[in-house]
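From the two separate chains plus the hints, produce the assembled complex.
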Amino acid sequence: MRLFFFILLLATGSFSKAQTRIYATNTGQIRFRSDAPMELIDVNSKELKGAIDPAKRTFAFRIRIKSFDGFNSRLQKEHFNENYMESEKIPEATFSGKIIEEIDFTQPGSYTIRAKGILNIHGVEQERIIKCDVEVSENKIRIKSIFPVLLSDHNIPIPRVVKEKLANEVKVEVSAELLIK
Amino acid sequence: MQILRLHIILIILLQVLCFSSRAQNSAFYHAAIDEEFIPGKLNTLLLSREGFFYTGTQKGLYLFDGNSLQPCATQDSSLRSITALYEAKNGELWVGCSDGTVFRCSRQKAIPWQPNEGLAKVPVSKMLQDKLGRLWIATRGEGLYVYHQNKLYNINTDDGLSDNYIYDLVIVDGKIIAATDNGISICWFDGTRKFIHNFNKNAGLADNIVQTISPDPGNKNILWLGFQNGAVARFSLTNTHAETVYTNTAQEGQVNMILPLDQEIWLATNRGLTILSRNTYEVLQEEAIGKMQGVYADQEANVWLMQSNQLLKTKGEQVRLVLPLTPEENKDVHDVLIDKSGDYWITAKNGVVRYTRTGNNWKKTFYKLSLQQNTDITCMYEDASDHIWIGTMGDGLFLLDAITGSQRHITEVPGFEKASVLSVSGSGMHIWISGLEGVVKGTYNVQNTASPYSFETVTANSLIGSAYIYHILEDTKGRTWFATDGKGVVLYENNSFRIMGEKEGLDAKVIYSVIEDRKGNIWCSALNKGLYKWDGTKFLNFGINAGLTEQNISSLSKDNAGNLFCITPKTIFLINPVKQTILPVSDSRELGELNSDINSTYSNASFILFHTVKGVYSFHYPSYRKVLQPQTKITGVSLFLDKINPDSLQAFGYNENNLTFSFAGFYLTDPERVSYQYKLEGYNNNWQTTKDKFVNFPKLPPGNYTFRVRSSVTGNFENATEAVYKFTIYKPFWKKVWFIVLTITIITMILLYIIREREKAASRWQQLQTEKLQSQYETLKTQVNPHFLFNSFNTLLSIIDDDPAKASTYVEHLSDFYRSIVHMRDKDLISLREELRIIQDYFFIQKTRFSEALQFDNRVTEADKDMYAMPPLALQLLAENAIKHNTVSKDTPLIIELFTEEYYLVVKNNLNPKITPEKSEGLGLQNIKNRYQLLTGKDIEIEKTTDSFIVKLPLILAS
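Protein chains in written order, with the numbering used here: chain S, 1 to 181; chain Y, 1 to 959.
These are computed hints drawn from the structure, not numbers from a lab. Heads up, a few of these hints could be off.
[Stated by the list, open to error] With a Cα cut of at most 25 Å, we get these calculated DSS-like pairs of lysine-lysine:
(1) Y:Lys538 with Y:Lys503
(2) Y:Lys175 with Y:Lys220
(3) Y:Lys291 with S:Lys171
(4) S:Lys116 with S:Lys181
(5) Y:Lys643 with Y:Lys726
(6) Y:Lys643 with Y:Lys59
(7) S:Lys181 with S:Lys77
(8) Y:Lys41 with S:Lys171
(9) S:Lys116 with Y:Lys291
(10) S:Lys116 with S:Lys56
(11) Y:Lys760 with Y:Lys938
(12) Y:Lys914 with Y:Lys890
(13) Y:Lys691 with Y:Lys633
(14) Y:Lys201 with S:Lys56
(15) S:Lys144 with S:Lys98
(16) Y:Lys291 with S:Lys131
(17) Y:Lys533 with S:Lys116
(18) Y:Lys121 with S:Lys56
(19) S:Lys49 with S:Lys181
(20) S:Lys181 with S:Lys46
(21) S:Lys116 with Y:Lys121
(22) Y:Lys579 with Y:Lys533
(23) S:Lys98 with Y:Lys201
(24) S:Lys116 with Y:Lys41
(25) Y:Lys109 with Y:Lys41
(26) S:Lys77 with S:Lys46
(27) Y:Lys726 with Y:Lys679
(28) Y:Lys41 with Y:Lys59
(29) Y:Lys41 with Y:Lys291
(30) Y:Lys952 with Y:Lys847
(31) Y:Lys349 with Y:Lys331
(32) S:Lys98 with Y:Lys291
(33) S:Lys46 with S:Lys98
(34) Y:Lys121 with S:Lys98
(35) S:Lys131 with Y:Lys201
[Stated by the list, open to error] Pulled from the structure, derived: some chain S residues nowhere near chain Y, Cβ distances all over 12 Å:
(36) Thr27
(37) Ala36
(38) Leu40
(39) Glu82
(40) Pro91
Every residue, glycine too, gets a C-beta built ideally from N, C-alpha and C.
One chain only, chain Y, in its complex shape (with noise of 0.2 Å):
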């Protein structure tokens, strides 16, 4: 143990005391929208589900996006005055009017609500719904409704309501809280038991009219009453007691509305904002900007402020300048710190300042260090003892009582009375000293009042590796870290070091900053090249891509709840460990310049603190923040421009292809930094970038889409949440499987027909040339019949002698009988008259045999005769079977008939069968009938009667 020289300086502390107002906040709200832009005027806001805000206006519905007032999907002339609106669990919205009409609406229209028991007529002032589901309307003028199954009640003050004109309505546990004319009255059910209690002025509240009630987000059995007289009371529901927590006695002061945060009361009076501090009540700030109705606070910790003409956009209770100084007081500001006991110290030149809050004026006290020379203050450090470790620029370490006011100059370092300190840095009884000179490591030892303090100095330069240590910390598992400008990071654990370089993943040398996040990680900040992130086994960066849209970080920190910030001279950022992503809270533009010192801030507050050209600003990240990125909605789908509803029409024609959607990412925050990513699977599966806010599709071909769309603030969309809209767009009906199948059917039956119709012609054609065959053949058989030519040569041998010129006439005719049959054998066709010539022509040769034996009685007439054709050598076969089959002699003459009945050519003859049938295998019979069946599809008739036989042949038209 070395001992170490102690000297106790004591200064004539030099204290300007000194009272300043605080001066006003120019920057701390602005409008978001303001007159021009508003229909009418506003009556109330809601925060959506998703993110965005249902404005009611004088002249209907508006989405307000946090840039300007659209339209509402549900937008309708008869949506008028628009007074209350709630937003059901089912996302219908409801929406009250100042005519007592209330109306449902959805995505595409607003519907009248009517139950049968009719609606007042007076202001509906406010809508909820209980755990049960019973809607309750809350009206100015004619007490409260409930709406349950089915059925519209109304509780008044018969009933025991204190007031039927409702301003405010909240429901709590099952009770339903009205805020009414005359106090307040908490309406409850037991069983079907309706109870109602009310609070008034005799109760202990401050005011009969209490204009608003607000419920408090951390403890449910908290209301905050706002009254006409301007008072703000808590009133607890567990006792019913009521405390006055701030009153207002300037005209005018009605409280229209309570906003309880985390940290601040906002309440919007008729003169305007107040904030009062949640602890002590006391009022922290005030803006006399004309009345103001209401105060609104979103998902995003943004609060917004409702006039009648203007909403005003606040950062809300996360930034707020809590210590405003002037260019000169700011001159010499490179630390920034908050003790114990609530004050603030900067430092200044030649000293430090301490800030002291006495209601709205600041006490200044100066505390001038013993310096050899003017220098600059570089850093300042509360340890567990309450003194304030103050560093300077070549001139040592002072320490200073806060109390007591006295400091001393610390000379029991060795080499460190004249050092210059970079950075004082602890945790626990440890303190962290690091200088040009190398560093030190306090012990802080109760027992030893004199010198609670043991010094050692805990390396040489040589194993640091680097003179310049800009941060030191010690984490929760013991370990040191040390950011030096050369070596990287430099990790001190089991009394050796380790320098963390390349080999880690840490590609850069000159690191400012270190800190350790919840889960454990070492989060560092590099010059110019962002953060690292050190997870155990290696280092990994964030840049650019991860949203760090600027490189040159001044200062990490860090509040307790655990939240990590970095801040450049332009923005401060939002580091979330668990998702890695970077969010930028605020910026230049409401803070003014930040002050580039490096580890200029201060950490381990409910809130970080750090330094800008205005002074000294606090941040403080809402427990009730919950968005880190924008909310995507698919706003509308239109086909061909007109707008469709995307909840019932997922599936559309061939034809309906030309498809836009517009979508919208709400960060009311920034929406102008909003930027999209969207792709339509089965179409495109990448990502597209984009800023617009629609995307249109012209030509879409038939198949299955999956629209997504997601959206980002910072570019990076790891984390972004998602819209989808499923589609299908059909194939035209020729594409479909069902048509393309009954088409080849149909034309394959048709093809078959065809063939089949084809083989079937083909096939009688064939037939009918066998048959024509056969009959040539049957003919010639019977014409060379030897028996017919015998009978032929004997005929004209019996007459060759006795008449030469018969015989040579006779010879014509069997010669013009063969030619015909020669040359009409092929023929399909013949005419009645050619056909009837060969008849002639045989029967003049039969007729010289058989003389009148043989008679053939021809009555077909002329015109017949050419009108008619027949298949060729037809009636000759039935002739010559006429003849074959019946005995022809004198005494029974064979009488041949031809004529034409109807549609037919009837060949008669009598019959006189012979005795010894002639052998007849029946082929020419058949014969004809084939062809005639193959020519005209109809059938020869044969009759045969006891004294004749008939053929009837089909008349065919002679083409």
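Chain S with its partners taken away, still in its complex shape (with noise of 0.2 Å):
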């Protein structure tokens, strides 16, 4: 948590251009689905924030939960806000660590990166390594990943009477474009 608010504090640039090159952004997406028999959600946010030190290989993202939107129905976003991820007492998810990969981030290209961090939603923590597709220009970093969280991983409680609509394996699909800062 430590390391993700000193990044944090790098990223929001603070520190000006210093030595170390930070990227980082404000608005970056993020989706879930779940894909339950009887009732799929799919929702989204624009608002990943998250900052990458390539010198470092560390990384730190964060979402507030409240900025999910596009469910089916208020009743829906009222459910998932209030019983599921309790967002009022836990408003954040949050994923730091560093990068497996020793990539060259001055070199333009395509890369495959793993992310090795804790992954914390809903308060539980679990640690992940996280399959990422990387890639690099002039100034920026565009990342694309899918991975799925298990919702009993974070003690997401599933009421027995929504077993059908809502599936325990969420997909999460994150893409952002990073600037340099």
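Right, dumping it as structure tokens:
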């Protein structure tokens, strides 16, 4: 967490253009999809904040839970925020850690990397290694990743009544463009 | 040599080629324990030396006995999410937690391990001890720690470690190998110098993230590496070369654990379980059942699959459905075979079918036999020249060339063209065929390519004694054994037959199968009578008592490691020829109903092959399978239901006599099957059999005891492991020797004292009596002294005329005096007043004689006269002494004074001794002295001054 705030601090530009080049975004896209037999929930947010430090090969991302939209109904959104995610209590989900692959971020090109870190959803930490496609070009990095999240891993309760409406495995899709700060 | 007619028939081969994919094996695993019964989630397992699993969960440490999780005796609220377990050589359990803390657990409790240097605050991933006793701790994020000579050292990237995040750790030959996010690091020490060599993707590894390392059980220089990208590599420590043997392109296929076995390699991946062949690395089986965290083999060769929410149990590589068959294919299977190329053969309707495996698919080839009639195929046998012999019911023998597919009907054996063949077997260059027509022996001759076999009819039925021969065995000594229907076992040796029967201990007539064990013993199965073993002199029966719970054996089989098996329609039993135990190793619950055809199995591979309603199975007896009987352990001892530590407490007080022992026989394969026998030596020396896991002894008398418990899965306890607890219940203190001796001594002493006191009192009384008698005697002697009498009568004579009245008084006094003497003499004590009365009488008598020359001054008060007592006649004696020893005259009167002074009655007279002293024995005074001593314990005091003689008598209170 400390690392996360540190990087975020760097990312928000208070250090201006220092020796280290940090890539950051405030408008990353995140989408999640629960494909249950009875109901499909497919929501997204464009408020993914994050930063990558290529020199240290570290990264940090966070998303405000309430920023998700596109629910089937208002009631569904309410349930999502109040019953499952408890977003009043735990307003954010975060993912921060290190990049396994030694990529030269100064060389434009497409890479597949693995981001290893702590995924904190619903206040429950899980160590994850997540595959990610990275496109490096002049002054910006475009990232794209699809990964599954098991609700049971994060102690997100699924009431028996809605078992048919909410899948345990949720597909999360992230795409963001990080610009050099 | 008989000329054989050769007739080769080439048949158009009917080849039915079809590809079928493997059926899913639903009985392959089952949940041994599921979510509901797991506190938190499962993190790690450790097989203990005693044969159970230590189970590290998110909520503490548990013990798994194959059935359920039980809180460990070392359970402690401070034990949190457990991520690593290690059992040290001394039996101590080291427990690593997700917050970095480490505990050491002995039988009773968990003690936090706190080295001065402090531990990491990140999860512990692995703990191990090397040969030098150094403890190695791998952490997830802070590198490697080593505890050596009471110091904790940290080895991290600064020291050259590939990464600080360590997934796994192994120690091989003093080398410590860590799997990290950046390949593997091999660390070793040369004296005090430390070396670290790193290998990652650049060095040929399939991936940088190495999630697991497993040392190869057979070759210590081989490590198996599992990668995050799903690949598996074989890494050689000798040349540090990594060979990728398996890759998995599927996402989330990361390999979490590798278990290398005899013939297979099991992978726990994020998708589930993958089983690879050890030889070809091809995938034998895949179970996509969700993220598998671990795969562990126990000592019974079961393999346990750990997911976070359940523990699945499998038979490991022991049982494998090598060829799943449809019910249609299953119908006519009477025998199975695996040929030298590894293809499987089964008998079918009017022919045999060969299955060739290509990847995950099967190529199926049907060889139709040129049968004259519809009949059953009974048996198959592959000879030394790779030909398959096929026996039929009523259509003779066929020989099939597996390579060309050509077949021919055997016609060269006389009488066998239409024979019903029961068995074809062989050994080396010989082949033995038995049928209803008799027994034929074939000998292979390499030179004669046209007709390589020469046949001879071994015997007529009359010699063997039976037309029905189920099985023929040519043993390693060249003898031939026949399993007959009706004549028991027949041995053919040196051209003669020997019918073995009751004389040899074989009380069975129908024998189905004969087999030879490693030691050269012959085993045979009899119809409904179990097994018999021939040890060279006699047959020994093995039935229910030996653990063979079913008697209807259909086949005996042997793998090429020499393990013997017998098969019934329900169970496969393993026969241990050395320990003579029979243990069920698999049954129809997991295999399906077994084929009950006689001798329908295949022997002589690294496994045995048999047939069930599901298809063709193999059973492999793994080299690492160590336990045939459960490991027995005393899990707890309770005193009045309170747990005690049996390691430290082995002696109890006389009232601590209610003991409960709990025990367990760890047999993970089938915990329900375990039964126990216990005995408490010193209480009851007979074994008691029970299914309970505890026994209570409520009122044990004092004594020395040995509690023994053993367990068995077969009900046969002969080779069972035993657990022992010795203890003593002390006698109560009043039953101890020292106490008894002490008590007797004290009582004796008291008795002695009382006796002595009594004796003392008695002797004193005796003495008193003597003294009294003495005194009486003295007194009488004096008074009856003729001198006294003479004096008295003289006095009386002188006054009788002058004063008859006085004479009369005088006589009265004299008579009173004598009466008193007579009266008082028996008494011990008389009052002072009585004594004074006597003395007054006495003085009256003496005064009459001496007149004024004798004066008596009695100053004793009236009160004292009644208050005190004294021995009778003591004063009289003293007065008499005074008169006796002194001159009594008018000039020198004798004045006798009597008075009390403090505690004494004082008798004092002035001294005026006679010139010629009166002869005296001094008895009178001595007598008084003795009497006072006896009565009061005090001495009388005698003072003699120049002018007076004083005797002080102690005053005695009148009672």
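*asked:* Run the distance test for Lys116 of chain S versus Lys291 of chain Y: straight-line Cα separation, threshold 25 Å.
replied: Roughly 18 Å between the alpha carbons, so the hint for Lys116 of chain S and Lys291 of chain Y holds.
*With a cut-off of 25 Å on the C-alpha distance, tell me whether Lys533 of chain Y and Lys116 of chain S pass.*
It is violated: about 63 Å lies between the C-alpha atoms, which goes past 25 Å.
*Given as non-interface: Pro91 of chain S, partner chain Y, CB spacing beyond 12 Å*: holds, 26 Å
*Pair hint outcome, Lys952 of chain Y versus Lys847 of chain Y [Cα-Cα no greater than 25 Å]*: holds, 24 Å
_Non-interface label on Thr27 of chain S, tested against every C-beta of chain Y at 12 Å_ = holds, 27 Å
*Between Lys116 of chain S and Lys181 of chain S, is the straight-line Cα distance small enough, at 25 Å or below?*
holds, 23 Å
*Is Lys116 of chain S close enough to Lys41 of chain Y, meaning Cα to Cα at most 25 Å?*
holds, 22 Å
*Could you grab the alpha-carbon distance between Lys691 of chain Y and Lys633 of chain Y and see if it respects the 25 Å cut-off?*
Holds - the C-alpha atoms of Lys633 of chain Y and Lys691 of chain Y are around 15 Å apart, at most 25 Å.
*Agreement of Lys116 of chain S and Lys56 of chain S with the hint, judged by alpha carbon distance not exceeding 25 Å*: holds, 13 Å
*Check the non-interface label on Ala36 of chain S: least C-beta distance to chain Y beyond 12 Å or not.*
The assertion about Ala36 of chain S holds, with a minimum of 18 Å to chain Y.
*Given the hint that Lys116 of chain S pairs with Lys121 of chain Y, does the C-alpha gap stay at or below 25 Å?*
With Cα atoms ~19 Å apart, Lys116 of chain S and Lys121 of chain Y stay inside 25 Å; holds.
*Measure nothing beyond the straight line between the CA atoms of Lys201 of chain Y and Lys56 of chain S; if it is 25 Å or shorter, mark the hint as holding.*
holds, 20 Å
Hints 7 and 17 from the earlier list are contradicted by this structure; the remaining hints agree with it.
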